[in-house]
Structure formats: structure tokens, C-alpha cells
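Produce the entire structure from the sequences given, and follow the hints as far as they go.
Single-letter residue listing:
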Amino acid sequence: MMPPIGELLLMLGMATAAGLVGCFAVMRRMTLASDAISHVALPGIGLALLLGVRPLLGAVVMLLVGTLLIWFIEARTRMATETVIGVVFSAALAVGALFTPGESLIEALLGRPGMLTGWELGFGIAASIAVAGFVLGQRDRLVISLVSPDMARTSGIEVSRLSLLYLVTFAITVALGLRYLGVLLMGSLIIIPAATAKYLATSLSSMLAIAVAVAVTSTLAGTVVARINDCDTGPVIITITAAVFFVAVLGRRRAGESRSRGG
Amino acid sequence: MAPRPDGRTASLTPLRSAPALAVRGLSVSFGASSVLEDLSFEVATGETLAIIGPTGSGKTVLFRALIGALEHTGEICWAPGTTVGYVPQKLDIERDLPITGLDLLRAKARVARATGKDVGDVLELVNLAPDIAGQPLGTLSGGQFQRLLLAFAFLGRPNLLLLDEATAGVDEPGEERLYERIDRLKQDRQLTLLLISHELSLVYRYATRVLCLGHGQRYLGTPVEVLTPARLEAIYGSPMKYHVHP
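First to last, the protein sequences are chains A and B.
At position 255 of the first sequence (counting the first as 1) the number is 1730 in the working numbering, and the numbers step up by one without a gap.
At position 193 of the second sequence (counting the first as 1) the number is 177 in the working numbering, and the numbers step up by one without a gap.
It should be emphasised that the hints constitute simulated quantities derived from the structure, not laboratory data.
Be aware that a few hints might be false.
What the hints assert, rightly or not - EDC-like cross-link-like pairs, simulated, lysine to aspartate or glutamate; straight-line CA separation at most 16 Å:
1. A:1673 with B:78
2. B:74 with B:149
3. A:1673 with B:80
Claimed, not checked - What follows is a set of in silico ranges between Cβ atoms, one per label pair, in the way DEER data are often shown:
4. B:169 with A:1725: 47 to 53 Å
5. B:169 with A:1724: 42 to 48 Å
6. A:1727 with B:60: 44 to 50 Å
Just so you know, these numbers come straight off a predicted model, no measurement behind them.
Glycine included, each C-beta is placed from N, C-alpha and C at the ideal position.
See the structure below:
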């Protein structure tokens, strides 16, 4: 019931990247925006289908264009990132739905694993490694910037450049999961494991580790369950991820209540 | 040189040594609202310049313009080799953020190529216990958090410090001790210090010069010249009391 080794590696890489990138998205208060950012892939997929090119290529191009647009608007205006992304990317979902042919729309929205070309597998695995490398390599700069951009500036960090690189990394992570989770659900694999980790962790290292563990476990378990039941992977993976989140919240609350009764 | 209550441009007081910072014709505005207009001053290496003034007079805006966080017109020239340590006025930290004080200090240490020993040294300097620094940022008290920010600013051996109400939330004896330590470090390392404070007693004690902003007026001079009851009343709009240390 396990997928072939190449596909398995890509899923592990995609889930690891989603867990790591999600931690900083949640701490940067981009929770809603993160969900919306994946929507911009939809018009890309629709346009690619109309032009007869690979849908993933259209999605990647649109995600990168969208990312540059957010960064530009964020740098040039005083609007909060949430507002900018919420408006731009919700509009993208509406426009994308108009472009994308009916039978491809559900697949694009919810994900459906198909045969991946060797090129897609190789590119995906390399991109996963690059995303994980960026987040782990830049975690010090990312932490200082999210605590205080001004303290980051005086520590010699180029805040605007780092923010752009982070957004590009986020867009690449979304593209990595489009095949499995679709544009509606990929944002959830980035956010929910990180939100679970934020709730449970007491330090940055533990947050990163918990987020990766939740994302990887949910992705593998969801893929196996979806294969056994012959259904789409995206909804199953996210249902499991959300279940882990609720168990963590309830478990910790109960633990807290027991401690307060005991103490 | 006596301070000039000229209402617009503070005078450029002649300095004995090369300036660590020279500001010329600095203006900052938000839309149609001008916060700083044509401000000029210099800060000598090793000097302590206190910036005082009522709320909304542009003190924090001045610091943020100096570090390049705000668009501005005019010139800001730092001496070659200047490294800045900055303590912001207040930070809006989520209470459930799983980042500990030590996470933040170690991140700065790696970025600034400081060592683990340096982290221990700055914690000792600001009198913050390592087990307190090891707690998540959102659980620290106001005073503990300010000490952590000071420790962050000291990491990497900066030669110029920008302290914006750096000891807000620290109890009074603790505040006195912190300023004493900062002052000692300043002497040892030839640090240049720019500080914003509402504590006029501390300003009087530690500042070599005072830049007073507010109500369309500016004064620049020594504490004795600037911190006079008449000038303070003109700037703040009401009489100000402070204790002069013997």
C-alpha cells in the first residue's frame, strides 16, 4: 500500500518542508494568509490547461508571480500582510475557477496523485531539500526578524530580502504539495502541523521537530489510508492532521487541568 | 555653546573628537503629518546623548530613522566600523510564542559570530539568571524582558548603543544598577550611547548632552543647560520634577 520509493521520498520531503516553513508562517501570524496564498496556483493551473502545458508549471509560475506581488505591496504600502494576501489570493481563487475546466477543477482544488514524470520527481525532491536547507540555515535570522525587524536590522540582517526569500520558499512548498493536496488543502498541511507544534512546544527546536513529525506522519498515514480506500489523498491527509491538532489541544488542556487540581 | 531655542534646527555643537554619528537636515513624515523636520546634530565617540521630550515628539521615530527602518530625507552618517546595539521601546510578543530568551540570544550570537561564553557574559551584565532566560519570551515579566533585550543589544560587542526606554518595567533599584553597569561598560569600551528616557534624574546623572524635542522647539546642550525648569515647562507644557544626584 506504500507508494513507489521516488514518490515516497517526494512526499517525505514535501511534508518536512511544509512543517518547517509552517512554523515561521504561524509565528509571523500568517495563518489565514498562508491558506489563501496557495489559491493563486489555481489560475496558473487553469491557464496551463488552456495553453496545453503541464499544470504544475503554470502553478509554479503563478505562485512566484503572486509572491513577488505580495512582497512588493507589503514593502510599498502600510497594509498588513494578512489583508494584502487575503484580498489578492481570494480573488485569484475566483478567477482561477473561471479558467479551469470543470473536470480538472476538483483535481486542482483537492489533489489527486497521478503518475509523476522523472523530471517532476527529481525537481520536487531537490526543491524539498532546498526549502528545508533554507529554513534551517536561516532560522537564526528568521527568529530575530519575527521578534523585531528593527533588532534584526541592527544585527546586520537584510530584513526585506529575507522576507522575500521566505515568501518564495513558502510558494515553492505550496507547489510541492499541489499534486497530493490541491490548492485548497496544501496551505493546511503547512499551517496545521505548525499550529499543533506551537501549542505543544516550549522552545524553537521542539516546535520545528514537532511540526515536521506531525506533517510527515499525517502525510504517510493519509496516503496509506487513501490507497486502501481508493479515495483522494488530500482530504484524508488533512483530516488526519486536523485530528492530531484537536487531540493535542484536548490532551494538553486535560493535562493542565490535572496539574491544577494536583497543585 | 549655549543651546538655541530657535524652534527649528538644533545647533551643531563643536566636538573635540570625530563624530560617531552625524545627522544633517533629517526630516520624517507620515503622509501629510511631519514628525521630524530638518533636524541636525552630531554625537562624538564615547559621548552619551539623551533624547527627551513629551509623547509624540518624534524620539522613537528618530531612532527608527537612524537604523534605516523609516523613509526619511536628509543625511545620516555613521563613523566607519560602527556596530549598533538597539533596544526598542516595547515589543508586541505573543504570550504563547515558543521562543525562549536563550533561543533569541543564541540566534544573535551565531549571526554576530559571538560565543556561548559571550551569551553568559551579557546575561551576567544585565543580571538575568540563565534559567529565567531559558523560559519562553511571553512568560517573562516586563522587567525580565527588558533585561533580555539589553543582553541582546550587548551581544556582538557593539560600539554604539541606541536605548529606547530600555529599562521601562524594571524596578527603580534595578534600573539604577543597570545604568551603573552600562555606564561602566561605556567607560571600558569607549561606547557611544544614545538613550531615550523619561527619567530625567537618570538623564541628568549619565548624559553628557541632552537633545530635547517637542512642541515645535528644540534644545541641544549639556544637562545643566537644557534641564532647566523654564525649558522643561516650555517643552512638556507643565512643570517637571526630577532629583539631581549629588
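Here's how the hints hold up against the structure:
1. With a C-alpha separation of about 11 Å, the suggested pairing of residue 1673 (chain A) with residue 78 (chain B) holds against the 16 Å cut-off.
2. Of the pairs offered as hints, the one joining residue 74 (chain B) and residue 149 (chain B) holds, with about 8 Å between alpha carbons and a cut-off of 16 Å not exceeded.
3. Of the supplied pair hints, the one linking residue 1673 (chain A) and residue 80 (chain B) holds, its CA atoms being roughly 8 Å apart against a limit of 16 Å.
4. Checked against the given bound of 47 to 53 Å, the beta carbons of residue 169 (chain B) and residue 1725 (chain A), roughly 50 Å apart, stay inside it.
5. Range check, residue 169 (chain B) to residue 1724 (chain A): Cβ separation about 46 Å, and the 42 to 48 Å hint holds.
6. Distance hint check for residue 1727 (chain A) and residue 60 (chain B): the Cβ-Cβ separation is about 48 Å, which falls inside the suggested range of 44 to 50 Å.
Taken one by one, the earlier hints all hold for this structure without exception.
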